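Participant: The chain contents come next:
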Amino acid sequence: MTRPPLFPEALITPYHGFAILSGGALLVSLLWPDSQFGRSLFLQALVLLQGILSLQVGEAEHGFGPQPMGERLLRLLLWDLWALGLASPFLLVHRAETAASWPAVALSLGFLFVHGFVWSLVGYLLPRVVRSDGLRFFAKYGGLALAEFLPLGFGLPGSGLTVLLAFWEGHSGGWPGAGLYLGLGGLGTLWLLGKGRRGS
Amino acid sequence: MILLALLLSVSGAAVEVSWEVGWAGQPVVSVVNPLWLTVSNPSAQPFSGEVQVRGTAGSPWRGEATRTASAPIFLAPWGRTTLVLPWSVDPGMTGLQVRVFSGETEVFAREVALRLEAARLHGGIGPPGMWPRIFLSPADLPDDPLLLWPFSELEVSVPLALPAAEVVRAWQAFLGGKSSFGRSGVASVQGEPLRQRLRALRPAPPIWSVLVPGIVLYLVALGPGLGGLARGRAGLLRVLVALFLGLSLCYSVFRESAEGLSSVSVRITSGDVSRFSLELVGIISWRAGQSVLPGWWHELLPSRGWTGFDLRWAHTPDGWTTVFSLTPGVPRIFLRVAPEDEEGTGGGEPISPPSWLQQTLDLPWEEAQVQRIPPSSREAESFHVALP
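As they're listed, the protein sequences go chains A and B.
In terms of this note's numbering, the first sequence has 158 at position 158, counting the first letter as 1, and numbering is strictly consecutive.
In terms of this note's numbering, the second sequence has 217 at position 17, counting the first letter as 1, and numbering is strictly consecutive.
Only chain A is shown next, with the shape it has when bound in the complex (with noise of 0.2 Å):
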């Protein structure tokens, strides 16, 4: 069994990229001449351009085969907080410019820490179902798009851009949709955790 690195080079190029495009966003979003959808904008195009890196994330780490499953969590976890990390700075000028209040930056930094952790298992564990490089690539980025638009047509809770949304603006709406991916992200982790022993 060979030790994974610590950080694979394939990786370089989606969390460059996830940060150029979230210093786009913020631009883009102080730039837009409608202030209330500008200060939306910046945090739904963070809520995707994040669930895409973690799904790529976790594909990367599924390709370097059989880990102990406790060391494997902790990795995901880690790279789920160094994209976190990058997209810090632009979320600290967000909240300069729409004025929101620290309570409601620290519980977005927290629900995109957990949104980002259960796109990451989706990426991990979605070779496992679909082989097929071209299926798994519609199911991967499909599914993302469905889980972030579709309950915005049914007025459902579970997607990621209204929660995020609703914390920043110090509503209590996004509650429900936080704490289903709270139970997503621990569902996983005891899985993988369970999976781990029965490994071992």
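Simulated from the structure, these hints should not be mistaken for lab results.
If you're wondering where the values come from, they're calculated on a predicted model, not measured in any experiment.
Treat the hints with caution; some may be incorrect.
[What the hints assert, rightly or not] Quick partial rundown of chain B residues pointing at chain A, CB under 8 Å, derived from the structure:
| no. | residue |
| --- | --- |
| 1 | 383 |
| 2 | 432 |
| 3 | 435 |
| 4 | 439 |
| 5 | 448 |
| 6 | 451 |
| 7 | 486 |
[Stated by the list, open to error] Chain A is nowhere near these chain B residues, computed Cβ spacing over 10 Å in every case:
| no. | residue |
| --- | --- |
| 8 | 302 |
| 9 | 452 |
| 10 | 456 |
| 11 | 503 |
[Unchecked claim] To list a few chain B residues with every Cβ distance to chain A over 12 Å, as calculated:
| no. | residue |
| --- | --- |
| 12 | 230 |
| 13 | 304 |
| 14 | 401 |
| 15 | 405 |
| 16 | 491 |
| 17 | 505 |
| 18 | 510 |
| 19 | 551 |
For each residue, glycine too, the CB sits at the ideal point set by N, CA and C.
Given the coordinates of chain A, assemble chain B onto it according to the supplied hints.
Facilitator: The following block gives chain B in isolation, referenced to the frame of chain A:
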């Protein structure tokens, strides 16, 4: 029965309320209508409490906004009082809720159905004539010209005393009224151009000279940082992220002191009217909060998206106040016909009217003189439009 009557009189719970909304009971939509509330105290005890009127405008697809007016009432034994409230009737407001409180206790509650008139009314001041229109006696004329807004036309067939004539002239000069009494002025007020203007006003724009170089430098430096991380050296990336987190934190804290509120105010005066002026105020905030305007103000609502556009008029010892919440980035626009300030607003700089102002106010611009008034501390822009 005697015990019940005694209980009611001791608790002060027995009040009777009757009401009428709109001239001749015909409330006109999208304007301010008079609301007469008569509160009677049929008991032997004096009554002290508060009367509250609440209406909901809009619909689920347009969004709903509530309007609430509250005023204290004091009634002697067997006393009666009539309040005339200016009441904004907006589309979708099909009913009002009238409640009277004695302390925390609700002593009266009733729903009032409204049948809204889409078109403004035709009326006359003087003895009733042949036409099926609403006739007012000079004594019926209100002190506030806004209450005449439901009329599009008034036929004046009797001489009016000076205060009443001023009210009619103000209605004609500022609220699109037509009569044989003076000249017409502002035909209509459109909220949308002012709303667009407000959205373009940022209280303090981002510090671009810091932001843009900072973001570019950060993104460029991330390249070697991420490369180093892939080679097992996380130090550079850690330093980079920590450095830029610290800088963005400083930026965030520094910007907290920036002003969060912008407003545009426009005052319109007319040479025909000496006692009143039309005031238009638009406010936009970058922070959630509540704001209060002294006086009674009517809100110009946008075409849709009314959720959060709630409004409360409260009667205080200093008179009416208009209390409303501010959602970040959402402009709110109010107007009123105010008693003219005798000091006036001299010292303004004459300018040609900006295009958004011309689109907001439908008036004879070729005759109007526009001045930009030096704004007070919290205002972004202030204008005075003088009609001949």
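Participant: Against each hint, give a clear statement of whether it holds in the structure.
Facilitator: Status of each hint after checking the structure:
{"no.": "1", "hint": "383", "verdict": "38 Å, violated"}
{"no.": "2", "hint": "432", "verdict": "6 Å, holds"}
{"no.": "3", "hint": "435", "verdict": "12 Å, violated"}
{"no.": "4", "hint": "439", "verdict": "12 Å, violated"}
{"no.": "5", "hint": "448", "verdict": "4 Å, holds"}
{"no.": "6", "hint": "451", "verdict": "6 Å, holds"}
{"no.": "7", "hint": "486", "verdict": "5 Å, holds"}
{"no.": "8", "hint": "302", "verdict": "34 Å, holds"}
{"no.": "9", "hint": "452", "verdict": "4 Å, violated"}
{"no.": "10", "hint": "456", "verdict": "7 Å, violated"}
{"no.": "11", "hint": "503", "verdict": "15 Å, holds"}
{"no.": "12", "hint": "230", "verdict": "24 Å, holds"}
{"no.": "13", "hint": "304", "verdict": "27 Å, holds"}
{"no.": "14", "hint": "401", "verdict": "9 Å, violated"}
{"no.": "15", "hint": "405", "verdict": "9 Å, violated"}
{"no.": "16", "hint": "491", "verdict": "15 Å, holds"}
{"no.": "17", "hint": "505", "verdict": "10 Å, violated"}
{"no.": "18", "hint": "510", "verdict": "16 Å, holds"}
{"no.": "19", "hint": "551", "verdict": "24 Å, holds"}
The structure shown violates the earlier hints numbered 1, 3, 4, 9, 10, 14, 15 and 17.
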